[in-house]
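So the protein lines, in turn, are chains A and B. Here our numbering is used: the first residue of the first sequence is 1, the next is one more, and so on. Here our numbering is used: the first residue of the second sequence is 1, the next is one more, and so on.
Calculated directly from the structure, the hints in this document are not laboratory data. Just so you know, not all the hints are guaranteed correct.
Stated by the list, open to error - Label-pair ranges, simulated between beta-carbon atoms:
{"hint": "1", "chain 1": "B", "residue 1": "35", "chain 2": "A", "residue 2": "13", "range": "35 to 45 Å"}
{"hint": "2", "chain 1": "A", "residue 1": "90", "chain 2": "B", "residue 2": "123", "range": "21 to 31 Å"}
{"hint": "3", "chain 1": "A", "residue 1": "62", "chain 2": "B", "residue 2": "38", "range": "22 to 32 Å"}
{"hint": "4", "chain 1": "B", "residue 1": "59", "chain 2": "A", "residue 2": "109", "range": "50 to 60 Å"}
{"hint": "5", "chain 1": "A", "residue 1": "84", "chain 2": "B", "residue 2": "91", "range": "43 to 53 Å"}
{"hint": "6", "chain 1": "B", "residue 1": "62", "chain 2": "A", "residue 2": "99", "range": "26 to 36 Å"}
{"hint": "7", "chain 1": "A", "residue 1": "47", "chain 2": "B", "residue 2": "45", "range": "42 to 52 Å"}
{"hint": "8", "chain 1": "A", "residue 1": "8", "chain 2": "B", "residue 2": "76", "range": "43 to 53 Å"}
{"hint": "9", "chain 1": "B", "residue 1": "44", "chain 2": "A", "residue 2": "56", "range": "26 to 36 Å"}
{"hint": "10", "chain 1": "A", "residue 1": "99", "chain 2": "B", "residue 2": "87", "range": "46 to 56 Å"}
To be verified - Sample of chain A residues lacking proximity to chain B, with all beta carbon distances greater than 10 Å (derived):
{"hint": "11", "residue": "51"}
{"hint": "12", "residue": "60"}
{"hint": "13", "residue": "62"}
{"hint": "14", "residue": "68"}
{"hint": "15", "residue": "79"}
{"hint": "16", "residue": "81"}
{"hint": "17", "residue": "83"}
The beta carbon of each residue, even a glycine, is placed where N, CA and C say it ideally should be.
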Amino acid sequence: MLWFLRGLRRGVVSTRYPRVSERDAWARALPTPPRFDSERLTDELTQELVDVCPARAIGREYRALVLDLGRCTGCGRCLEVGGAAVARSGVFALAVRERADLIKRIPIRGGQT
Amino acid sequence: MTSEQRLAAELRERSMALFGRSLHVRTLDSGSCAVCESEIRMLAAPHYDLHRLGLFFTPAPRHADLLLVSGAAVRAMDVAVHKTYEAIPDPKAVLAIGACALGGVYEPDLFLHGAVDEVIPVDVYVPGCPPSPLALLQGLLVAVGRLEEQVSTARFDLRAQPITLREDRDARREPENA
Numbered sequence: 001m002l003w004f005l006r007g008l009r010r011g012v013v014s015t016r017y018p019r020v021s022e023r024d025a026w027a028r029a030l031p032t033p034p035r036f037d038s039e040r041l042t043d044e045l046t047q048e049l050v051d052v053c054p055a056r057a058i059g060r061e062y063r064a065l066v067l068d069l070g071r072c073t074g075c076g077r078c079l080e081v082g083g084a085a086v087a088r089s090g091v092f093a094l095a096v097r098e099r100a101d102l103i104k105r106i107p108i109r110g111g112q113t
Numbered sequence: 001m002t003s004e005q006r007l008a009a010e011l012r013e014r015s016m017a018l019f020g021r022s023l024h025v026r027t028l029d030s031g032s033c034a035v036c037e038s039e040i041r042m043l044a045a046p047h048y049d050l051h052r053l054g055l056f057f058t059p060a061p062r063h064a065d066l067l068l069v070s071g072a073a074v075r076a077m078d079v080a081v082h083k084t085y086e087a088i089p090d091p092k093a094v095l096a097i098g099a100c101a102l103g104g105v106y107e108p109d110l111f112l113h114g115a116v117d118e119v120i121p122v123d124v125y126v127p128g129c130p131p132s133p134l135a136l137l138q139g140l141l142v143a144v145g146r147l148e149e150q151v152s153t154a155r156f157d158l159r160a161q162p163i164t165l166r167e168d169r170d171a172r173r174e175p176e177n178a
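Extracted from the complex, chain A is given alone in its bound form (with noise of 0.2 Å):
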């Protein structure tokens, strides 16, 4: 009886979300939109992620880089193109209820200033 229950136990593949477990652990590799260093997009960095994507959700205004997460596609491009100044974010929960808190602005404090 008792390996019964152990066994019931520990065969239990469901994941517990939205409880956090190591089970989702596999979540962190999904692919999810890009985080960028302020201190490090240049002018001509930024005009150069916004030409690599493909999905248009990156834009920019002036000094400031235009984040559309609704847009990303998660491709990884712009991780190439940036360098240190482009990482993985690993958010994957993203739903909101108004589409405009999906648009961030990160500003560009890199180059000449």
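Dock chain B against chain A, hints included.
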């Protein structure tokens, strides 16, 4: 009572207040590449086990409370989208699933609107290409008011505080795969 049961009870309570019954989900493909559908189907698999949260899939929009719309809102699907939306009884919630549905991949042109909220009102936006089943779960729970949005507090500046997942104390107490 485990936390999953407590969660299911809370969700039931909330949905009882809002909908009067457990929630049924209808999926609608407005011209997607079917990867979003693949991820939605995984929600019913034992690993994600959508039913533990009191959510069920239904093939009939008239039985549905939540509508999952994926795809870039192809204009040829306008009638189907509108009819589905109108067939769902109030109160209802619409979730736009995936980058296409949020306006990411395709620009609006002669053949498609490019975003679902051009066609019908959207309550919850779930980004991702495709959104992971976990992201879909979060979207569904946000839609029924069970979970807080995380992205509003998460910053996408590297110098900001890194986003950490909540610790699961119970998972620490009982070692897994021992």
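Tested hints:
no. : hint                     : in the structure
1   : B:35 x A:13: 35 to 45 Å  : violated, 23 Å
2   : A:90 x B:123: 21 to 31 Å : holds, 26 Å
3   : A:62 x B:38: 22 to 32 Å  : violated, 41 Å
4   : B:59 x A:109: 50 to 60 Å : holds, 53 Å
5   : A:84 x B:91: 43 to 53 Å  : holds, 48 Å
6   : B:62 x A:99: 26 to 36 Å  : holds, 28 Å
7   : A:47 x B:45: 42 to 52 Å  : holds, 43 Å
8   : A:8 x B:76: 43 to 53 Å   : holds, 50 Å
9   : B:44 x A:56: 26 to 36 Å  : holds, 33 Å
10  : A:99 x B:87: 46 to 56 Å  : violated, 25 Å
11  : 51                       : holds, 16 Å
12  : 60                       : holds, 15 Å
13  : 62                       : holds, 18 Å
14  : 68                       : violated, 7 Å
15  : 79                       : holds, 12 Å
16  : 81                       : holds, 15 Å
17  : 83                       : holds, 12 Å
The structure fails hints 1, 3, 10 and 14 (numbered hints given earlier, in ascending order).
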